[in-house]
Amino acid sequence: MANKTFAGYLVLNWKTGAIKVLKRRSKRTNPFEILIRFTIEVVLPETEEHEISGKIVIPEEQVAEMVFEKLKEE
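To convert, note that position 67 of the sequence shown is 66 in numbering that gives the first Met the number 0; the numbers rise steadily by one, no gaps.
It is worth saying that the hints were derived from the structure and are not from the lab.
Every residue, glycine too, gets a C-beta built ideally from N, C-alpha and C.
One or more hints might be untrue.
As the list claims (entries may be wrong) - Pairwise CB distance ranges (calculated):
(1) S52 <-> W13: 24 to 30 Å
(2) E68 <-> M0: 46 to 52 Å
(3) R23 <-> K3: 33 to 39 Å
(4) K22 <-> N2: 16 to 22 Å
(5) P30 <-> K3: 30 to 36 Å
Unchecked claim - Once the Cα atoms are required to be at most 30 Å apart in a straight line, the calculated DSS-like pairs of lysine-lysine come out as:
(6) K54 <-> K22
(7) K3 <-> K19
(8) K69 <-> K54
(9) K3 <-> K14
(10) K3 <-> K22
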């Protein structure tokens, strides 16, 4: 399993009710802001990747029509 850790600051402005997330602590803080340090570890389970293959056949007439339409647009 793969682990990913996220860390930062949750900034709550108690006067306006605004919430924001910062990766680094700001040098200047608003007197109405409360900084809360957080760390979140996310565990990602390994998943199987499936591969499919196939063949698509487009008739020559259809390709010619598509090219003609594209040239007509330009």
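Each hint, compared with the structure:
| no. | hint | verdict |
| --- | --- | --- |
| 1 | S52 <-> W13: 24 to 30 Å | violated (58 Å) |
| 2 | E68 <-> M0: 46 to 52 Å | holds (50 Å) |
| 3 | R23 <-> K3: 33 to 39 Å | violated (18 Å) |
| 4 | K22 <-> N2: 16 to 22 Å | holds (19 Å) |
| 5 | P30 <-> K3: 30 to 36 Å | holds (34 Å) |
| 6 | K54 <-> K22 | violated (47 Å) |
| 7 | K3 <-> K19 | holds (21 Å) |
| 8 | K69 <-> K54 | holds (24 Å) |
| 9 | K3 <-> K14 | violated (34 Å) |
| 10 | K3 <-> K22 | holds (15 Å) |
In summary, the structure is inconsistent with hints 1, 3, 6, 9 from the numbered list given earlier, while agreeing with the others.
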